[in-house]
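Position chains B and C relative to chain A; hints supplied.
Chains as they are written, first to last, in this note's numbering: chain A, 4 to 140; chain B, 4 to 140; chain C, 4 to 140.
Possibly wrong hints are sitting among the right ones.
Because identical chains cannot be distinguished in the list, a pair is counted as satisfied if it fits within a single copy or across any two copies.
As the list claims (entries may be wrong) - List time: in silico BS3-like cross-link candidates among lysine-lysine, alpha-carbon distance up to 27 Å: (1) K9 x K133; (2) K133 x K28; (3) K32 x K111.
No lab work stands behind these hints: they were computed from the structure.
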Amino acid sequence: MLTQYKFDLTTPGRGFSDITDEIAKLVAKTDVATGLCHIFLHHTSASLSLCENFDPLVQRDLEAFMQRLTPDGDPIFHHTAEGPDDMSSHVRTILTTSFLMIPVSDNKLDLGRYQGIYLWEHRLRSHHRKLTVTIYR
Amino acid sequence: MLTQYKFDLTTPGRGFSDITDEIAKLVAKTDVATGLCHIFLHHTSASLSLCENFDPLVQRDLEAFMQRLTPDGDPIFHHTAEGPDDMSSHVRTILTTSFLMIPVSDNKLDLGRYQGIYLWEHRLRSHHRKLTVTIYR
Amino acid sequence: MLTQYKFDLTTPGRGFSDITDEIAKLVAKTDVATGLCHIFLHHTSASLSLCENFDPLVQRDLEAFMQRLTPDGDPIFHHTAEGPDDMSSHVRTILTTSFLMIPVSDNKLDLGRYQGIYLWEHRLRSHHRKLTVTIYR
Numbered sequence: 004m005l006t007q008y009k010f011d012l013t014t015p016g017r018g019f020s021d022i023t024d025e026i027a028k029l030v031a032k033t034d035v036a037t038g039l040c041h042i043f044l045h046h047t048s049a050s051l052s053l054c055e056n057f058d059p060l061v062q063r064d065l066e067a068f069m070q071r072l073t074p075d076g077d078p079i080f081h082h083t084a085e086g087p088d089d090m091s092s093h094v095r096t097i098l099t100t101s102f103l104m105i106p107v108s109d110n111k112l113d114l115g116r117y118q119g120i121y122l123w124e125h126r127l128r129s130h131h132r133k134l135t136v137t138i139y140r
Numbered sequence: 004m005l006t007q008y009k010f011d012l013t014t015p016g017r018g019f020s021d022i023t024d025e026i027a028k029l030v031a032k033t034d035v036a037t038g039l040c041h042i043f044l045h046h047t048s049a050s051l052s053l054c055e056n057f058d059p060l061v062q063r064d065l066e067a068f069m070q071r072l073t074p075d076g077d078p079i080f081h082h083t084a085e086g087p088d089d090m091s092s093h094v095r096t097i098l099t100t101s102f103l104m105i106p107v108s109d110n111k112l113d114l115g116r117y118q119g120i121y122l123w124e125h126r127l128r129s130h131h132r133k134l135t136v137t138i139y140r
Numbered sequence: 004m005l006t007q008y009k010f011d012l013t014t015p016g017r018g019f020s021d022i023t024d025e026i027a028k029l030v031a032k033t034d035v036a037t038g039l040c041h042i043f044l045h046h047t048s049a050s051l052s053l054c055e056n057f058d059p060l061v062q063r064d065l066e067a068f069m070q071r072l073t074p075d076g077d078p079i080f081h082h083t084a085e086g087p088d089d090m091s092s093h094v095r096t097i098l099t100t101s102f103l104m105i106p107v108s109d110n111k112l113d114l115g116r117y118q119g120i121y122l123w124e125h126r127l128r129s130h131h132r133k134l135t136v137t138i139y140r
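Chain A with its partners taken away, still in its complex shape (with noise of 0.2 Å):
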């Protein structure tokens, strides 16, 4: 038996948005006592990630490391029709995820004391970023 729930989100452009409570209250809502959470955005320039959630330069350091690793403008890369952090967003994508799926134990959540649910926004600017919750028991 599963429950589905569609949301979206207006991020603030590059970085990190915290939507643990938002599927917590979802899952708590659906009042499941053991199953899964399965979380997918659907879009090719922002991504999910199980993030440390105590220390905020945790955040800071893997934006330093993903813009070393694919910086914007990169001369690499053809596809720059929408700016330089176009394609960067689409590797730093394709290299992290777009879905989750997290276990649900004792009618809660059941993530890691350190585990925090993030939408990664990859693009500079703020976009409007649409995601789909399915729960299971």
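Below, chains B and C alone, put in the same frame as chain A:
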């Protein structure tokens, strides 16, 4: 309730094969209104990806990025039994993914407008690749 | 219908621990003919991988690759509270995955011939790691 399919594919060598239609047809045939579709690739030198489906330059740029990040014949690699593209293919697989899980909503595979499902062959030569598709409602 | 198991593991420090047999035993015990097996790691400095299971040089080369890509003590990192292997471990986790989902077919875990399931410890020292396995039919 679930339905499982096996299928296979011969790739033309390194590059992207669009399998979106093949997966969408399995979903249609299964007649699931709401659920999840899981796709699994049984190999360690090719991967699956949710790649931008509009501009073919994106695929070209992803290959160029991977060739810079993990070039064939990289002197740091010792696992070279099957040639210079052997270990670079394992690395590319580990950095991407061997499985996808995509929502089914309103009786169809609910991809974003620019998301396509691709089998990404990392070996230079043609290979025979096996997949398993499992659809839950 | 689903069955969920919790287990944990003490890693010997950085490197790959093969957990294929442990997962296969849980699948056998659950007696599922056709389904999916989900494995989740509750940590942000270790990951799961479907790695080539035949030649140990592959694991050696993957470590060498990661050490070049995201070296311990990288001067671009500011999150260094737990030492030089702290942030590089978070990056390696983000570039790989914290969960796997593998088909069950004919009553067994349906891995490819060369696919093994590995817990990849990224911290240099031994750590206690918790996992949740959820099996659906």
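Here's how the hints hold up against the structure:
1. K9 x K133: within (7 Å within a copy, 31 Å between copies)
2. K133 x K28: both (17 Å within a copy, 24 Å between copies)
3. K32 x K111: both (10 Å within a copy, 25 Å between copies)
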